Amino acid sequence: MTQVLLDERLVLLRPAVRDRDELLAAMAERLRTCGAVREGFFEALMEREKQFPTGLPTEGVGIAIPHADAEFVAAPAVCVAVLADAVPFRRMDNPAECIGAHVVLMLALNNPDAQIRTLQRLAQSIQDSEFWQRMRTASSTGEVIGSLRMLLPSTTKQERGE
Amino acid sequence: MPVKKILVVCGTAGITSTIAEQEIQAAARAAGIQVQTMRCTPGAVATRAHDVDFIVTTTALGSHYGVPIINGMAFITGIGKEQVIEEILNRLRDND
Chain Y
604 MTQVLLDERL VLLRPAVRDR DELLAAMAER LRTCGAVREG FFEALMEREK QFPTGLPTEG
664 VGIAIPHADA EFVAAPAVCV AVLADAVPFR RMDNPAECIG AHVVLMLALN NPDAQIRTLQ
724 RLAQSIQDSE FWQRMRTASS TGEVIGSLRM LLPSTTKQER GE
Chain U
503 MPVKKILVVC GTAGITSTIA EQEIQAAARA AGIQVQTMRC TPGAVATRAH DVDFIVTTTA
563 LGSHYGVPII NGMAFITGIG KEQVIEEILN RLRDND
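From first to last, the protein sequence lines stand for chains Y and U.
Heads up: the first sequence is residues 604 to 765, going by the working numbering.
Heads up: the second sequence is residues 503 to 598, going by the working numbering.
Read the hints as simulated data drawn from the structure, not as lab findings.
These figures come from a predicted structure and were not determined experimentally.
From the three backbone atoms N, C-alpha and C, an ideal C-beta is built for every residue, glycine too.
You may find that some hints are simply not true.
As the list claims (entries may be wrong) - Label pairs and their calculated CB-CB ranges:
1. U/505 with Y/740: 31 to 41 Å
2. U/564 with Y/716: 23 to 33 Å
3. Y/716 with U/581: 22 to 32 Å
4. Y/673 with U/564: 17 to 27 Å
5. U/504 with Y/636: 14 to 24 Å
6. Y/701 with U/534: 37 to 47 Å
7. U/585 with Y/750: 43 to 53 Å
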């Protein structure tokens, strides 16, 4: 079974980026550096975002969950960006509309059935607007990853095959 | 009573449809209803819709598949989730 990497190197806290594409490129590069994704991940993710956008119509803190096909994932991981200013993403269930994302969770997952516990925790985190509101005022990447690990254990017993 | 089938649809990687599928299975189990769920991408809906009772989707989907389509975004955002679960359970209980 698989372990989902959640690492301080995969946290971008209020990064200085000009726009959405620059942000997504920076996040994909972090995943690549950590060995989580293969060559072509970023291009596949951008193409997917065009076809099936990932902005979520949440209340409070805006969240987007960009991802790509499993074939580009080498080792499952989640990259997190907490933004100073919202970045527009088209809505997953209605691409004609945009949401302003304050939090971007870039998912490098390759086996949803094996990573179901992580996915459920992820959905819980998406539904916890107050959590992300607190993260927006975090002073370090360590603070973000520490809080996130409590919410989203990087390894669960089930995923370790216990 | 035959077990009803739900097609759970999302963009590509099966991430959001897996979350929705788990929630549907858990809600049906809690209500004592048997259900068969399967996942697919929008491109495969046309060939699979005829075999299911209805569709739950997290992504935008046309409405020309001849079966009801329920927006499953609530399973990801949590907003209006109880209502969507109720709608799904009602459709599962409906024997007409």
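For the hint 17 to 27 Å, verify it against the beta carbon of residue 673 of chain Y and that of residue 564 of chain U.
Holds - the Cβ-Cβ distance for residue 673 of chain Y and residue 564 of chain U, about 25 Å, lies within 17 to 27 Å.
Using the beta carbons of residue 504 of chain U and residue 636 of chain Y, state whether their distance is inside 14 to 24 Å or not.
Violated, at about 52 Å.
C-beta pair residue 716 of chain Y, residue 581 of chain U: status relative to the range 22 to 32 Å that was hinted:
Given a distance of about 26 Å, which is inside 22 to 32 Å, the answer is holds.
Beta-carbon spacing of residue 505 of chain U to residue 740 of chain Y - inside the hinted bounds 31 to 41 Å or not:
Violated - the Cβ-Cβ distance for residue 505 of chain U and residue 740 of chain Y, about 49 Å, lies outside 31 to 41 Å.
Taking 43 to 53 Å as the hint, is the beta-carbon distance of residue 585 of chain U and residue 750 of chain Y inside that range?
About 30 Å separates the Cβ atoms of residue 585 of chain U and residue 750 of chain Y, which means 43 to 53 Å is violated.
Residue 701 of chain Y versus residue 534 of chain U beta-carbon gap, inside 37 to 47 Å or not
holds, 41 Å
Just tell me: holds or violated, for the beta carbon distance of residue 564 of chain U and residue 716 of chain Y against 23 to 33 Å?
Roughly 28 Å apart at Cβ, these two residues keep to the hinted range, so it holds.
Of the numbered hints given earlier, the model fails hints 1, 5, 7; all others are met.
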